[in-house]
Amino acid sequence: MSAGGEIKVELRRRYRFAAAHRLHSEKLSDAENARLYGKCNNPLGHGHNYVLEICVSGDVDPATGMIANLTDLDAFVEREVLDAFDYRSLNDEVEAFRTEVPTTENLCKEIFRRLRSFPKAKLERVRVEETSNNSFEYPGE
Amino acid sequence: MVLLTRKIEFSASHRYDNPAFSPEENRRVFGKCNNPYGHGHNYTLEVTVAGEPDPVTGMVLDLSELKKILEREVMQRMDHRHLNYEVPELAGKIPTCENVARVIWDLLEPKIARGSLHRVRLYESADLFVDVTKRSNDVKR
Numbered sequence: 001m002s003a004g005g006e007i008k009v010e011l012r013r014r015y016r017f018a019a020a021h022r023l024h025s026e027k028l029s030d031a032e033n034a035r036l037y038g039k040c041n042n043p044l045g046h047g048h049n050y051v052l053e054i055c056v057s058g059d060v061d062p063a064t065g066m067i068a069n070l071t072d073l074d075a076f077v078e079r080e081v082l083d084a085f086d087y088r089s090l091n092d093e094v095e096a097f098r099t100e101v102p103t104t105e106n107l108c109k110e111i112f113r114r115l116r117s118f119p120k121a122k123l124e125r126v127r128v129e130e131t132s133n134n135s136f137e138y139p140g141e
Numbered sequence: 142m143v144l145l146t147r148k149i150e151f152s153a154s155h156r157y158d159n160p161a162f163s164p165e166e167n168r169r170v171f172g173k174c175n176n177p178y179g180h181g182h183n184y185t186l187e188v189t190v191a192g193e194p195d196p197v198t199g200m201v202l203d204l205s206e207l208k209k210i211l212e213r214e215v216m217q218r219m220d221h222r223h224l225n226y227e228v229p230e231l232a233g234k235i236p237t238c239e240n241v242a243r244v245i246w247d248l249l250e251p252k253i254a255r256g257s258l259h260r261v262r263l264y265e266s267a268d269l270f271v272d273v274t275k276r277s278n279d280v281k282r
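Chains A and B supply the protein sequences, listed in that same order. Take the first sequence: its letter number 82 is residue 82 in my numbering, and every next letter is one higher. Numbers given in my numbering equal positions in the second sequence, counted from 1, plus 141.
Everything labelled a hint here was simulated from the structure, so no lab data went into it. Please read these numbers as outputs of a predicted model, since none were measured by experiment. Hints may contain errors.
Computed list of lysine-lysine pairs in BS3-like fashion (alpha-carbon distance at most 27 angstroms, straight line) [stated by the list, open to error]:
hint	chain 1	residue 1	chain 2	residue 2
1	B	LYS275	A	LYS122
2	A	LYS109	A	LYS122
3	A	LYS120	B	LYS173
4	B	LYS148	A	LYS8
5	A	LYS109	A	LYS27
6	B	LYS275	B	LYS234
7	A	LYS8	B	LYS209
8	A	LYS122	B	LYS234
9	A	LYS8	A	LYS122
10	B	LYS234	A	LYS8
11	B	LYS148	B	LYS275
12	B	LYS252	B	LYS234
13	A	LYS120	B	LYS234
14	A	LYS122	B	LYS173
15	A	LYS8	B	LYS252
16	A	LYS109	A	LYS8
17	B	LYS252	B	LYS148
18	A	LYS120	A	LYS109
19	B	LYS209	B	LYS252
20	A	LYS8	B	LYS208
21	B	LYS209	B	LYS275
22	B	LYS275	A	LYS8
23	B	LYS275	A	LYS120
24	B	LYS252	B	LYS275
Okay, chain A solo, but in the shape it has when bound:
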């Protein structure tokens, strides 16, 4: 039997976006970039079908049975993230990645930053699958 403790309910939602990126750091030489990032440093970039999974927490509204209405959440994510990332080149079209390498680690942090102001529930963590074999998760600071 488990000990006492408050029950926590979290809502998780997945979204998908297709984007191009290239891993290349201006702080490193071309040779170092090639060695460090391998194929991910190829000069014309490459792409992924990313899967974004967000986790929000809050009280379940007794009137609706929901932590957050998906209509509100989906619209917020569409506006704050998907419009900017879907069918885009992350290096060329997202301001944050003009100065940061668009690794999926940094992508998680940037997406968390964009979504943390969601007004209807608390953003707990952002998880991004770059491929079916690589995923990254960021729980905020």
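Given chain A, work out where chain B should sit, using these hints.
Positioned in the frame of chain A, the structure of chain B alone reads:
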């Protein structure tokens, strides 16, 4: 501590509707989920139990016992049922993923005799799922 997860699937229909709302408000809040004849899902339920492997059997708990618990407490109540009308534990609640997951946690927790219930994860669809945990069970990374 080791976490053991068992997955089952069940098929059920439901409808999101609050009798205290007007029809227009129900439609606005719940959208297609308020369609009058209901709709259905293939739900996937992942039940995670935490515990130490028994030194003799090597098991956190007897999986056949867990399977019987899930059959009795979840499948017989919810599989091929209409969640709004046929599950007494959901009476008076809107059968959202949040509420169904919470009901499943409440049904299972007292039945886990060895180890402790760590997490109930209920997928309403591949892109929408809910986690129920207990704050005292948070695993430190």
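Hints, verified against the model:
Taking the CA atoms of LYS275/B and LYS122/A, the gap is about 17 angstroms. The hint holds against a cut of 27 angstroms. Our distance criterion of 27 angstroms between C-alpha atoms is met by LYS109/A and LYS122/A, whose separation comes to about 16 angstroms. Of the supplied pair hints, the one linking LYS120/A and LYS173/B holds, its CA atoms being roughly 21 angstroms apart against a limit of 27 angstroms. Distance check on the hinted pair: LYS148/B and LYS8/A sit about 20 angstroms apart at the alpha-carbon level, within 27 angstroms; holds.
A C-alpha spacing of about 20 angstroms is found between LYS109/A and LYS27/A, which places the hinted pair at or below 27 angstroms, so the restraint holds. Straight-line distance between C-alpha atoms of LYS275/B and LYS234/B comes to about 21 angstroms, which keeps the hinted pair within the 27 angstroms bound. With a CA separation close to 26 angstroms, the supplied pair LYS8/A and LYS209/B stays within the 27 angstroms bound. For the hint linking LYS122/A to LYS234/B, the alpha-carbon distance of about 23 angstroms falls within 27 angstroms, and the restraint holds.
With a CA separation close to 12 angstroms, the supplied pair LYS8/A and LYS122/A stays within the 27 angstroms bound. Proposed proximity of LYS234/B and LYS8/A is supported: the alpha carbons are some 18 angstroms apart, at most 27 angstroms. Of the pairs offered as hints, the one joining LYS148/B and LYS275/B holds, with about 19 angstroms between alpha carbons and a cut-off of 27 angstroms not exceeded. Annotation: proposed proximity of LYS252/B to LYS234/B holds, straight-line Cα distance about 23 angstroms (limit 27 angstroms).
For the hint linking LYS120/A to LYS234/B, the alpha-carbon distance of about 21 angstroms falls within 27 angstroms, and the restraint holds. Only pairs whose Cα atoms come within 27 angstroms are accepted, and LYS122/A paired with LYS173/B is accepted, the gap being roughly 25 angstroms. Only pairs whose Cα atoms come within 27 angstroms are accepted, and LYS8/A paired with LYS252/B is accepted, the gap being roughly 19 angstroms. Restraint check for LYS109/A and LYS8/A: satisfied, since their Cα atoms lie roughly 24 angstroms apart, inside the 27 angstroms limit.
Distance hint between LYS252/B and LYS148/B is fulfilled; the C-alpha atoms sit about 17 angstroms from each other, no more than 27 angstroms. Proximity of LYS120/A to LYS109/A is assessed by CA-CA distance (about 20 angstroms); at most 27 angstroms being required, the pair is judged to hold. As the CA atoms of LYS209/B and LYS252/B are separated by approximately 11 angstroms, the hinted pair is consistent with the 27 angstroms bound. Among the hinted pairs, LYS8/A with LYS208/B is consistent with the structure: their alpha-carbon atoms are about 24 angstroms apart, no more than 27 angstroms.
Straight-line distance between C-alpha atoms of LYS209/B and LYS275/B comes to about 23 angstroms, which keeps the hinted pair within the 27 angstroms bound. About 6 angstroms separates the Cα atoms of LYS275/B and LYS8/A, which keeps this hinted pair within 27 angstroms; it holds. Taking the CA atoms of LYS275/B and LYS120/A, the gap is near 22 angstroms; set against the 27 angstroms cutoff, the hint holds. For a cut-off of 27 angstroms, the pair hint linking LYS252/B to LYS275/B stands: about 16 angstroms separates their Cα positions.
No hint from the list above goes unmet by this structure.
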